[in-house]
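A.B. asks: Chains as they are written, first to last, in this note's numbering: chain G, 290 to 579; chain E, 264 to 529.
Keep in mind that a hint or two might mislead.
[As the list claims (entries may be wrong)] Reference excerpt, derived from the structure (chain E facing chain G, CB under 7 Å, subset only):
1. ILE440
2. ALA443
3. ALA446
4. ARG447
5. ALA462
6. PRO465
7. VAL468
[As the list claims (entries may be wrong)] Some chain E residues close to chain G (C-beta under 10 Å, calculated; not the full set):
8. VAL279
9. HIS281
10. PRO415
11. ILE472
12. SER473
If you are wondering where the hints come from, they were derived from the structure by calculation, not from laboratory data. Since we're looking at a predicted model, the values are computed, not measured. We put the beta carbon where it would ideally sit given N, CA and C, even for glycine.
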Amino acid sequence: MSILQTENLTCVYGKGTPFERTAVDNVSLSIEKGGITGIIGHTGSGKSTLIQHFNGLLKPCSGRVLLDGKDIWEGGKIMPGLRFRVGLVFQYPEYQLFEETVYKDISFGPKNMKLDQNEIDARVHEAAELFEIDEKMLAASPFELSGGQKRRVAIAGVMAMRPEVIVFDEPAAGLDPKGRRAVFDIIGKYSRNTGCTVIVVSHSMEDMACIADRLIVMNHGSLFCHCPVNEVFSRAEELTKMGLDVPQVTKVFSELKKRGLAEDDNVYTVGQAVASIMKRLGKKGGDPAC
Amino acid sequence: MLKDITIGQYFPGESVIHRLDARVKLIITMLFVVMLFAAKGFFSLAVGVIFLIMAYSLTGLSPTLVTKSLKPVVPVLLVTAVINVFFFEGNEIFRLGFISITDGGLINSAFMLIRVTALIAGSSVLTYTTSPIELTAAIEKLLAPLKIFKFPVHELAMMMTIALRFIPTFIEETEKIISAQKARGADFETGSIRDRASAVVPVIVPLFISAFRRAEELALAMECRCYRGGEGRTRMKQMKAGPADIAALIITFVFLACVVLIDRMN
Numbered sequence: 290m291s292i293l294q295t296e297n298l299t300c301v302y303g304k305g306t307p308f309e310r311t312a313v314d315n316v317s318l319s320i321e322k323g324g325i326t327g328i329i330g331h332t333g334s335g336k337s338t339l340i341q342h343f344n345g346l347l348k349p350c351s352g353r354v355l356l357d358g359k360d361i362w363e364g365g366k367i368m369p370g371l372r373f374r375v376g377l378v379f380q381y382p383e384y385q386l387f388e389e390t391v392y393k394d395i396s397f398g399p400k401n402m403k404l405d406q407n408e409i410d411a412r413v414h415e416a417a418e419l420f421e422i423d424e425k426m427l428a429a430s431p432f433e434l435s436g437g438q439k440r441r442v443a444i445a446g447v448m449a450m451r452p453e454v455i456v457f458d459e460p461a462a463g464l465d466p467k468g469r470r471a472v473f474d475i476i477g478k479y480s481r482n483t484g485c486t487v488i489v490v491s492h493s494m495e496d497m498a499c500i501a502d503r504l505i506v507m508n509h510g511s512l513f514c515h516c517p518v519n520e521v522f523s524r525a526e527e528l529t530k531m532g533l534d535v536p537q538v539t540k541v542f543s544e545l546k547k548r549g550l551a552e553d554d555n556v557y558t559v560g561q562a563v564a565s566i567m568k569r570l571g572k573k574g575g576d577p578a579c
Numbered sequence: 264m265l266k267d268i269t270i271g272q273y274f275p276g277e278s279v280i281h282r283l284d285a286r287v288k289l290i291i292t293m294l295f296v297v298m299l300f301a302a303k304g305f306f307s308l309a310v311g312v313i314f315l316i317m318a319y320s321l322t323g324l325s326p327t328l329v330t331k332s333l334k335p336v337v338p339v340l341l342v343t344a345v346i347n348v349f350f351f352e353g354n355e356i357f358r359l360g361f362i363s364i365t366d367g368g369l370i371n372s373a374f375m376l377i378r379v380t381a382l383i384a385g386s387s388v389l390t391y392t393t394s395p396i397e398l399t400a401a402i403e404k405l406l407a408p409l410k411i412f413k414f415p416v417h418e419l420a421m422m423m424t425i426a427l428r429f430i431p432t433f434i435e436e437t438e439k440i441i442s443a444q445k446a447r448g449a450d451f452e453t454g455s456i457r458d459r460a461s462a463v464v465p466v467i468v469p470l471f472i473s474a475f476r477r478a479e480e481l482a483l484a485m486e487c488r489c490y491r492g493g494e495g496r497t498r499m500k501q502m503k504a505g506p507a508d509i510a511a512l513i514i515t516f517v518f519l520a521c522v523v524l525i526d527r528m529n
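Isolated chain G (complex conformation) (with noise of 0.2 Å):
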């Protein structure tokens, strides 16, 4: 069953200026319920455009945004509570700290949607545990902490909300591989306890082999395609042709299947590549899955 849909989005900015510009042009998607749905574009391609009309953000110029089969805009007024349904986290979201504390902090999207002192308390810990907040850093000033415990500050405000979908806007950007990983770790194993849809917005190919079940992919405003990963992957040259990449893994493979070393070229983690060459090899091994 698809949760979020689109139907003929389209989004003009700055209309009848001469800087007039679609970001989003004429996108129809449907996003199944449950699981990890990536979105990719080189810069400009409407990425963030587009996932700001998920939570109303922004207004469609033109078209729909469905949220469980019900326009969000339905007689030209905001869906109440959408945007505690649609949880958005955007790019750097330790710029949008402001609390004395970090609990603090993290309780304002709760106490914004009015719930009582005890389940807003819940919430609050159930997604510092996920994010190994520990009382210690709860009580602190969110401004002491490092780059990435603010990253994941701020992405457990979201959280705590407890939408039925959540976006993520390059949640690793600006982070080292550490953590990045753990941020993805996070993501990963926040989508599999609750059941939500995760969305997730990047344009490094290597993390969304690794994450996403799905993937759309932007071109200039429209939609190129929305289709299980190795599909997507499959089409390398067209994704080059439009300023984006395969993950390293799959040129490797795909050149040593040229020169008849591999058998098949759908390869696109690390561990995967592995379970491939010892498959070759005769030997078991690798994770398939990441």
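For chain G, the structure is supplied; the task is to place chain E on it using the hints.
C.D. replies: Same frame as chain G, but now just chain E:
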């Protein structure tokens, strides 16, 4: 939206006005202001307006930009005009209770309205056609004599450049933070005045933090490039006033003289 603010915005171009020396443009704008305030009657004011229209049409910018620059001040203009209606003596033409409207009041408020509108439109010709860097350089040059009195002219100009440079950056940043807090359910549109005032905190705090962070980064970047104030500093682009600038100044003085003469004759 915040993005619609055009005050101080620069529209690059190649027109005669764009190419004028920034110092000359600044002086002409000041003379234009003098022109408007020297004018005592509608005829002399019309000369000023003609001057403005002439200058504006030479810029090659779309006429809709004028209305855009005036939009934010419309409420101020209207209030000024309405207040002026009541504060001038004249023949009464309408009376409602203690409020009386006179012809003198109406004429005066119309006069004020034209004058202030022309003033704002005129100064936007300057900012539309002069880049902030040129403008502050011009101010620095024109204020240079004050250095004798130990007035920090260069520092002032540098501060203005930086302030102008960061206006669009902070507008963009504010919008981003507002969106992010809205995504967490912050409500900026409804609620009592108290609620709305406290709704600003989640925007102001991150904005201040980022302003300080940017200031620190900028200071460091300036130091890395050995910035140490105005002493001995030279410019890559030297300002040179050419024949066109002298012609522009002469034309402005002619108009100013017309204004004064027309008022004398009446």
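A.B. asks: Each hint: holds or not?
C.D. replies: Evaluated hints:
1. ILE440: Since chain G brings a Cβ to about 6 Å from E/ILE440, closer than 7 Å, the hint holds.
2. ALA443: 4 Å, holds
3. ALA446: 4 Å, holds
4. ARG447: At about 4 Å, which falls below the 7 Å cut-off, the nearest Cβ of chain G leaves the hint on E/ARG447 intact, so it holds.
5. ALA462: 10 Å, violated
6. PRO465: Check passed: Cβ of E/PRO465 comes within 5 Å of chain G, closer than 7 Å.
7. VAL468: 4 Å, holds
8. VAL279: 21 Å, violated
9. HIS281: 17 Å, violated
10. PRO415: 33 Å, violated
11. ILE472: Nearest chain G Cβ about 7 Å off; hint holds.
12. SER473: 6 Å, holds
Figure legend: structure checked against the earlier numbered hints; hints not met, in rising order: 5, 8, 9, 10.
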